[in-house]
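If you're matching positions, the sequence shown starts at 154 in our numbering and goes up one per residue.
By construction, these hints were calculated from the structure, which means they are not laboratory data. Some hints here could point you the wrong way.
[Claimed, not checked] Calculated lysine-lysine pairs in the DSSO-like style (CA-CA distance at most 27 Å, straight line): (1) Lys576 <-> Lys550; (2) Lys465 <-> Lys246; (3) Lys360 <-> Lys465; (4) Lys705 <-> Lys550; (5) Lys277 <-> Lys234; (6) Lys246 <-> Lys277; (7) Lys275 <-> Lys234.
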Amino acid sequence: MKNWRDWSIARKLGWLLAFNTGVVVLVVAMVFTVGTAFSRFVEAREQVSALAGMVGENVRAALAFDDPDSALRTLQALQSKEEVADAVLTNAKGEVFAQVSFQDDEDNDTLESLVRLFSGGKIKVSHQIVDGSVPLGRVDLSIRLSAIWIELVRGLLQMTLIAVSLGALAVLLGTRLHRFLSVPILDLARVSNEVSREQDFSLRAVKVANDEVGALVDGFNGMLSEIEARDEALRQERATLEQRVEQRTADLSQAMEEAERANRVKSEFLSTVSHELRTPLTAIAGSIGLLSGGALGALPPAIQGMLDIAQKNSQRLTFLINDLLDMEKLLAGKLHFDMVGQELMPLVEQSLADNQAYGGQYGVRYVLARRLNGVSVEVDAQRLQQVMANLLSNAAKFSPANAVVTVEVGMHQGRVRVSVHDKGEGVPAEFQTRIFQKFSQADASDTRQKGGTGLGLAITRELVERMDGEVGFYSDTGQGACFYFELPLWNPYLSRPAPIPALAGLDNRPRVLVVEDDTDVADLLSMMLREANYSVDIVVSGAEALAYARRKPYAAISLDLRLPDGSGLDVIRTLRAEPGTALMPIVVVAAKMDEGRRELGRDFPGIEWLAKPIDQAAFIRAIDRSIDPDAKPLTRVLHVEDDRELHEAVREMAGRGFEFALAVTLREARARVALQQFDVVILDLALPDASGWALLPDIRANQPNARVVVLTGTYVDPDLVEQVDTVLHKSKVSPQALLEAMGADRQTSRWGELMP
Numbered sequence: 154m155k156n157w158r159d160w161s162i163a164r165k166l167g168w169l170l171a172f173n174t175g176v177v178v179l180v181v182a183m184v185f186t187v188g189t190a191f192s193r194f195v196e197a198r199e200q201v202s203a204l205a206g207m208v209g210e211n212v213r214a215a216l217a218f219d220d221p222d223s224a225l226r227t228l229q230a231l232q233s234k235e236e237v238a239d240a241v242l243t244n245a246k247g248e249v250f251a252q253v254s255f256q257d258d259e260d261n262d263t264l265e266s267l268v269r270l271f272s273g274g275k276i277k278v279s280h281q282i283v284d285g286s287v288p289l290g291r292v293d294l295s296i297r298l299s300a301i302w303i304e305l306v307r308g309l310l311q312m313t314l315i316a317v318s319l320g321a322l323a324v325l326l327g328t329r330l331h332r333f334l335s336v337p338i339l340d341l342a343r344v345s346n347e348v349s350r351e352q353d354f355s356l357r358a359v360k361v362a363n364d365e366v367g368a369l370v371d372g373f374n375g376m377l378s379e380i381e382a383r384d385e386a387l388r389q390e391r392a393t394l395e396q397r398v399e400q401r402t403a404d405l406s407q408a409m410e411e412a413e414r415a416n417r418v419k420s421e422f423l424s425t426v427s428h429e430l431r432t433p434l435t436a437i438a439g440s441i442g443l444l445s446g447g448a449l450g451a452l453p454p455a456i457q458g459m460l461d462i463a464q465k466n467s468q469r470l471t472f473l474i475n476d477l478l479d480m481e482k483l484l485a486g487k488l489h490f491d492m493v494g495q496e497l498m499p500l501v502e503q504s505l506a507d508n509q510a511y512g513g514q515y516g517v518r519y520v521l522a523r524r525l526n527g528v529s530v531e532v533d534a535q536r537l538q539q540v541m542a543n544l545l546s547n548a549a550k551f552s553p554a555n556a557v558v559t560v561e562v563g564m565h566q567g568r569v570r571v572s573v574h575d576k577g578e579g580v581p582a583e584f585q586t587r588i589f590q591k592f593s594q595a596d597a598s599d600t601r602q603k604g605g606t607g608l609g610l611a612i613t614r615e616l617v618e619r620m621d622g623e624v625g626f627y628s629d630t631g632q633g634a635c636f637y638f639e640l641p642l643w644n645p646y647l648s649r650p651a652p653i654p655a656l657a658g659l660d661n662r663p664r665v666l667v668v669e670d671d672t673d674v675a676d677l678l679s680m681m682l683r684e685a686n687y688s689v690d691i692v693v694s695g696a697e698a699l700a701y702a703r704r705k706p707y708a709a710i711s712l713d714l715r716l717p718d719g720s721g722l723d724v725i726r727t728l729r730a731e732p733g734t735a736l737m738p739i740v741v742v743a744a745k746m747d748e749g750r751r752e753l754g755r756d757f758p759g760i761e762w763l764a765k766p767i768d769q770a771a772f773i774r775a776i777d778r779s780i781d782p783d784a785k786p787l788t789r790v791l792h793v794e795d796d797r798e799l800h801e802a803v804r805e806m807a808g809r810g811f812e813f814a815l816a817v818t819l820r821e822a823r824a825r826v827a828l829q830q831f832d833v834v835i836l837d838l839a840l841p842d843a844s845g846w847a848l849l850p851d852i853r854a855n856q857p858n859a860r861v862v863v864l865t866g867t868y869v870d871p872d873l874v875e876q877v878d879t880v881l882h883k884s885k886v887s888p889q890a891l892l893e894a895m896g897a898d899r900q901t902s903r904w905g906e907l908m909p
């Protein structure tokens, strides 16, 4: 059965009219009945009182003469009154003198019988009979109320019949009159459905009257007119929009092509600068350095002075080229960072020693004013040396002659801070907001007077931030400036391989094969190696390199990537594919070192990478590291985790044999995955900028052989577990479980003896 709300308007209207009519009739009937009943009861009582008085007069003589028979006959005369039920006559003593009782007439219709059955009420009236002032007795009359009730019920039945008749008439009229209300509304609904179905906004509903429904029709038609106008305008706009989109797409494509063309030209130019300038510059700087160092014996003072000038300007040119290329690589995300946990103080001391000669050119001396021993950081040593060189060179250039530049190492808010204090004029207030911007210098004359490109501090900031650090400064005019960088602490639980004696050659010295087509650079590398007590063979092509390597057990190979007969990367692949040369250490010395490392990938261990131009100390250190026969390759682990304390705990649990790199955001993790190779990725899912699951496609694309271990404190959907190698919970992980997840021997852990 339908809800009342779902009835049609016609049905609702009819039933409402019928209900209202019935209510009105019944209310009138009730009022009429109550009034009639009240008046009939009053009238009945008055009639009974009068009848009792008349009976009393008629029986007075009988009472006076003590004639009960006469009194009885008088009472029996009341039988003609149907409503009289009984009559009792008592004398003055209260004794019954005469008494009659009349049965109700049973010859009635059904209605009267039912009324008499349920209405047994009576009205009883007493009348005192006196003779003057002497009481003679009392007459009591009782009359039935059934007659009154019958009259009232008949009236109610008549009223009910009238109400039903009027209600039926109202329903009939409602169903007849609904067309004046529902038909216009149904027509409006029909037009609405047709407009919705056909999307034809030119249709209109028909207005039949100026009533409320007519106002609704006018509003609906007005809405259709507005929609039709807007639809037409939209259709016209759409017609021209496609043309404008095509034009703008063409303009955008052209702009993108021009930008890509400009970027290619820039990249090609930088590539040319990288090779064509850095390669000869290596030979020039190296040769000058050897001459200045006394390789040909003592030189006359005049010649020595000219060599010092040449060496100074070659170094300046090297710095300029390196700054330009480093900034380009940083902006392109191509600069490689070899993050390794190591002690900070040796790096700082090495930087001071390496840059003392540069400071001496300006009459400035570097002094380590405060030390912080036993503190380790996770950095790329080469990049940190570059940061220190930039800060120290700036301090020297802007300090007066005979000044002392102090370097301090201390703690600041839980991080280690390295500060460089100069004795210059300080940083002008108007320049402080842009001091770390590219090509920024306080005065254009600084470029001529001090040298440089204005890129040093910009590169410094980029390098420090890529190593998860911060850089800053403070300055007072006339009091000098202090530039500093801060790095997070690292617990140095990783052991690094100790140097061991090199492989013996035929002359009892380690023999190194130098593969270099530039004869000047080859001679320079050979001289550096011989001074470091190495034997040297030189070849100029990849074919010769393979032939020599197959005949002799070289301790190491120094390899350029650009060879006359092919790429040095092909030489590496061939050497690693043959059993006799698969483990031979290789040191790549090339202008395009970063590009070569990315192209080669992670499947070729035992390779050191150096970018031209190089200095003798860096080259010899790389050779020494490469020929360590007992050096066990560390398992490289990328830990993606924003909780540094947890990261330190994981490193401590892992123990020796692992080289950790930390990424605290998804963005940093993606950069590391793209630029570095890892054996294991430990992945947290709740990162500050996204979910750790978003890194999986990058890992699979760039690190297909890396094990992925999810270390999280949140619930992991079982369907996602299959996408990784292992899932560990932070609150339940043990050293043994962590090492097994990373696929490592448990004895590498410093807790190995505690494991069952």
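Lys277 and Lys234: Cα distance at most 27 Å? holds, 15 Å
Taking only the CA atoms, is the gap from Lys246 to Lys277 under or equal to 27 Å? With Cα atoms ~21 Å apart, Lys246 and Lys277 stay inside 27 Å; holds.
Hinted pair Lys705 and Lys550, Cα distance within 27 Å: violated, 50 Å
Holds or violated: Lys465 to Lys246, with C-alpha atoms at most 27 Å apart: Outside the cut-off at roughly 161 Å; violated.
Mind checking the alpha carbons of Lys576 and Lys550 for me, to see if they're no more than 27 Å apart? holds, 10 Å
Going straight from one Cα to the other, do Lys360 and Lys465 come out at no more than 27 Å? violated, 98 Å
Are the Cα positions of Lys275 and Lys234 separated by 27 Å at most? Answer holds: Lys275 to Lys234 is near 14 Å, not above 27 Å.
The structure shown violates the earlier hints numbered 2, 3, 4.
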